[in-house]
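K.L.:
Sequence:
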Amino acid sequence: MNKLIFANLLHRPLRSIISVLAVAIEVVMILSIVGIFMGMLNDQKQRTNGIGADLVVSPSNASFMNGVSGAPMSVKLAGFLRGLPHVAVAAPVMTNFSMTNSLEILYGIDYTSYDALKPFRFLSGGRFQGPYDVIVDDIWARTGKGHHVGETATVLNRTFRICGIVENGKGGRRLIPIDTMGALTGSEGKASVIYLKSDSPANEKAIEQEIESTKGLQDYRVQSMADIIALYTPSRFPGFDIALRVVISIAVIVGFLVIFQTMYTAVLERTREIGILKSMGASKPTIVGVVLRECAVLAVVGVLVGIAGTYGVRELLSLRFPSFSFELTKLWIVRGACIAFAGALCGAVYPSWMAARKDPIDALAYE
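Under the numbering used here, the residues of the sequence shown are numbered 3 to 369, in order.
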């Protein structure tokens, strides 16, 4: 029976290849949208955690995502917070969501205080020497044909000099002086958030209580970095679940229709063959099993091709966009494979049922 199944698949190689590709495309669509979104989410989470702060002060209505809330706070608040008991460092930061060449969150920093949170690890160059200097991380430096210290880069439609290249993982991929960003965005003297570092982890709660009890600061939100990082989950992004369901639905429908057409046509073409099997005593479950096993072979091969294709997509994106994060997890590989496999089998249910119902005498007389 296995020889019969593989012979049937090889008898129409083009149709079998199209069916395999349909399942493979289904897998690639599912894994790609998940890989792209989760990669961006986890990359932002790691870089935020790498800033080195213990607490984050922001307005009560600010979004937890960097670059979304503008710059509603005064930089002078950092000086006041720096004078509170147990606060070792207060670093004002302005973030700006840029879409000039690609999606990017630019960081405007006060170098001294920001470096005090967790020192930069320079691979070449050094700190800002002028208002139009920019520090870039090693991943951004590999974009395009590569960048080096002393070259120029366009930031907010202005030309900046690359003064240093640092190890990635400390906030933004490109950082400029906060005063320069304020001047370029019309937000002089403002900050998006203020990062705090305590003199001891045991005093973080005391700092939070001190800020909340200070007159004029009751409306500000104080969160630990651990709480901020915990917010970087898909459930915090309502659009992600909707987009994922839409893509999965479209992918399943495509795979279902192609497999349905393939197996339906195969059943029609092999009507006499089915009649011979039934005349030899093959039961309805046996006929159904033959059709479903053919579909299962196509689905398994399609799933494997789809997983391999997804890794290929990731490699191509990493070559073309080195700063782009694409995360493939074993959990989602298994989920994507199961969804595609189940969708393919559903597409073969009706053709297999139709084959099992054929009368052997009518099937043998079929031309």
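Source of the hints: derived by calculation from the structure; they are not laboratory data.
Please read all numbers here as calculations on a predicted model, not as lab measurements.
In this text, a Cβ means the ideal position worked out from N, Cα and C, and glycines have one as well.
Keep in mind that a hint or two might mislead.
What the hints assert, rightly or not - The following label-pair restraints were derived from C-beta to C-beta distances:
no.: 1; residue 1: K147; residue 2: P87; range: 45 to 53 Å
no.: 2; residue 1: F124; residue 2: I20; range: 49 to 57 Å
no.: 3; residue 1: K47; residue 2: S320; range: 15 to 23 Å
no.: 4; residue 1: I231; residue 2: C348; range: 24 to 32 Å
no.: 5; residue 1: A245; residue 2: A208; range: 40 to 48 Å
no.: 6; residue 1: Q263; residue 2: I141; range: 39 to 47 Å
K.L.:
Determine for every hint whether it applies to the structure shown.
P.N.:
Here is what the structure says about each hint:
1. K147 <-> P87: 45 to 53 Å: holds, 51 Å
2. F124 <-> I20: 49 to 57 Å: With Cβ atoms ~54 Å apart, the hint holds.
3. K47 <-> S320: 15 to 23 Å: holds, 19 Å
4. I231 <-> C348: 24 to 32 Å: violated, 40 Å
5. A245 <-> A208: 40 to 48 Å: About 42 Å separates the Cβ atoms of A245 and A208, which means 40 to 48 Å holds.
6. Q263 <-> I141: 39 to 47 Å: Check passed, 45 Å falls within 39 to 47 Å.
In terms of the numbered hints stated before, the structure departs from hint 4 and from no other.
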